[in-house]
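This is what each chain is made of:
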Amino acid sequence: MTSQATPIRRKLMQMTLLTSGVVLLFTTASFFAYEILTFSQSTMRQLRTLGQAIATNSTAALAFDNADDAQSVLAAFKAEPHVVGAALYDNTGALFATYPEGLSRNAFPVSPETVGYRIEDSHLIGFEPVMQGHRHLGTLFVRSDLGAFYDRLELYGLISALVIALSALMAYAISSRLQRQLSGPILGLAAAAKAVSDHQDYAVRVPPAGSYELDLLTDAFNHMLTEIQGTEGRLRAQLSRLSLLQNITRATGDRQDLQSIFRVVLGTLEHSLPIDFGCVCLYNAAAESLAVSTIGPASQKYCNELALLEQSTVPIDQNGLSHCVKGDLVYEPDARRIEYPFPQRLASRGFFSLVFAPLIVENKVFGVLIAARRAAEAFTSPDCEFLKQLSEHVALATHQSQLYSALQQAYDDLRQTQHTVMQQERLRALGQMASGIAHDINNAISPVSLYTDTLLEREPNLSERARSYLITIRRAIEDVAGTVARMREFYRQREPQLTLARIDVNAVTEQVAQLTRPRWCDLPQQKGHVIELAMQFGEDLPQIMGAEGEIRDALTNLVFNAVDAMPEGGSLTLRTRVAAGADDRQSVQIEVIDSGVGMSEDTRRRCLEPFFTTKGERGTGLGLAMVYGMIQRHSAELEIDSTAGSGTTVRLSFPVYNQAAASPADVAGARPIDRRLRILLVDDDPLLIKALQDTLEEDGHLVTATNGGQAGIDAFTAAQRTGGAFQVVITDLGMPHVDGRKVAAAIKGLSPGTPIIMLTGWGQRLQAEGDIPPHVDKVLNKPPRLQQLRAALVELAA
Amino acid sequence: MARLSALRRSVCWRLATLAFACSVACAATAPSEYQVKAVFLFNFAHFVSWPVDTFRRPDAPFVIGVLGTDPFGSTLDDVVRGETIDHHPFVVKRFQDAREVADCNILFIGRTEPVRVDEALAALKGRSVLTVSDADGSEHRGVMIGLFTENNRVRLRIDLAAAKAANLTISSNLLRPAEIIGGNAPPETAQ
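Protein sequence lines correspond, in order, to chains W and P. Residue numbers for the first sequence, in our numbering: 1 to 798. Residue numbers for the second sequence, in our numbering: 1 to 191.
Source of the hints: derived by calculation from the structure; they are not laboratory data. One should not assume that every hint holds.
[What the hints assert, rightly or not] If we take Cβ atoms under 8 angstroms as the criterion, some of the chain W residues that face chain P in the derived model are: (1) ASN57; (2) ALA60; (3) ALA61; (4) ASP69.
We treat Cβ as the ideally placed atom computed from N, Cα and C, and that holds for glycine.
Construct all of the structure, not just a fragment, from the sequences and the given hints.
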């Protein structure tokens, strides 16, 4: 016991000793009082008895006057030491005999006094008659000191002291035993209470004390402890469940896909609740069945014996699941008693306790959380409550995940749309710019085209070299025209009008090699690097159908990319070959292979996007995009094999076409019309006017050229008035103030039968869009080809 | 053994006191020997028990007899006058011849009659009569109580066997101041 034990023990002891002491004191005091009150009477009675005995014995001595005998009778007082004096008087009142011997006679009364006993001078004295029958023989005098009284008091005091001492001893002994019955349990209670408060150990119990009231107290205390323990246990369980719920919620919060959420929930449940088997099924309301979505990691081993594999379905019949999919949590304490197949299946594998918790989102059950334990009736009410709450959390997390996915999808779509819109905007701006540039270029090269055609046709005496140069110039002009035409495709979303021709792939590839020579040979050499070009051309390649210019541009782009990928030099390979494509159709492959830096996976994935570039300011981000556009327009395939650091192979696969398509080059052989025509030429470009005028006049026509729309209209009006009306009007489209449309409208108003040919840098576009302006009979692209011009005149003026 | 029930009966103690006081008063000046002995005789009646059939009637007198010469004169008569014991009035009778002695409870034989002692004793043998004598050595001859003088005081000498033979019971109180001879002496009650 601790030092705290002392006070109560001491108090109890003190109480006991004090009580017994006081009781004893009162008892002895009253005893003393009684004794003091009764002593004189009892002493007197004793003395009287003694006196009477002596008196009786003294009769003969008095009767026969024998003083010696009287003396000897009185000597009997020796037996009573407190009798200090005695005397016999005869019937005359004379002193007859005295006791003790030798005591002066003066010490006795002279004559006998009144019969009786009394206290006188601290002595008890008495006079007793000596009678023989009725005869008075004399008187006995007795004197006794109070020593007996004091002796008695002393004796009583001694006895009292002894009794008190003994009683105190006994009381101490008894109380030290008895107080333990009181203090022991109380101290036990105190110790238990202290232990409980110190260690929070509510499993402490106080043993019964063996006394009714203390047992009541102990029982109450123990009961309280039991209650607290129970409450504490429930609180702890609740806390651990809350913590578990929080863990699960946190874990699910980190995850966005259903499987992952379900897996972490089931894993935590298996480990921490714990459960023996757990899975999540998704509810298919239409099919009235559940599809197993996820099985807990530790439950996987039971899958086969339960025939519950992921994605397998569980029909919902009149079992607990039917209630569950209506939104109720279902607890089956013993699945063996449920007749339906699904609980039976679980029960047959030793899972007796089942809980089906619905996963509800927006008042719709979308799934069921199934938890099972092997023992029957193994789920407590708090367990079920926990599972219910958990299922709500899981449903919420699932819902959030779905919302997140939807949001992500929407965001991605939005970003894609934004990207597309931006792209289109860029392309539109670029297209507008390109359109203006194209118009100007077309105008600029139109004289070149016209004069080249004229020279080739009208000058038979040209040297072979000059003719060859002119042919090259004409091809270059065509390429420029084609390039300008394609520039417009940037902002055009519709399929461009391809003018397909038979193409010799090897020739085109060779041309590209030659065209790009400055980039792969000259520039690197200036920097001291060497790029070796290898051309591996397959033999007897079939022709393909395609736009030669586009293909050439695409290959040029690819060669530029390859060169850019080899800043330190390397090897560049151009390879052509025939390959068997899908469904046995042959294809012609062109490969551009470099030994350069290659592309990372990310770069490779994005390289086809427009404006994606790795070249910084130098790159436009349009090269591969244009290549891809060409590929798509040719129904070809593009493959890019690349690894960072080990070069890139770009492979273009063109399908082989056996039938030939009609070629616009057919018009090449058109002859000039055999009549002389009066032609009005309206344009705002003096160079173009001059070239057209020269060319048409070479063909024998009368050409009047006017600068600008208004001038053209005025000239046409004047000619009509003078009778020399123009038979054909050729007008430009884009002119300041009065454009080609107004010119056309005015002329048709004056002379509806006069054919109008419109020349335009946007010619292809107008044709492609079906946007031929009213009153215009024919639209010709700039730069106009001589043959086309002739064909148009033949067609309209014939 | 029943004492004389009469002993408890009324005694006219005033007379006795008077007689005794008178005798003492006389003795104070010249205490007469026979005055003392007369009182002793009277007192014996109180310290001795007679058989119950001693008295024929309840009021039969208690007789103190004097054999031979009467040394008391009137003294004995004075002492017993008016006295009773258990309703038996005291009567003093004088006998000259032992054979005359009848209906006597106490018989005093004076020292002047030593010859008569044996005679009287023989005559009284078997009868409940207390015999008293002051003749020297009489107690050794069969008298129950002998009176002798010592230091001027009358002393008693009692033959218990003789008293017992006469079917008399002597009070132990009487035995204390007396000297016991013959028979089985009772223990001293004092000393």
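Evaluated hints:
| no. | hint | result |
| --- | --- | --- |
| 1 | ASN57 | 7 angstroms, holds |
| 2 | ALA60 | 4 angstroms, holds |
| 3 | ALA61 | 6 angstroms, holds |
| 4 | ASP69 | 4 angstroms, holds |
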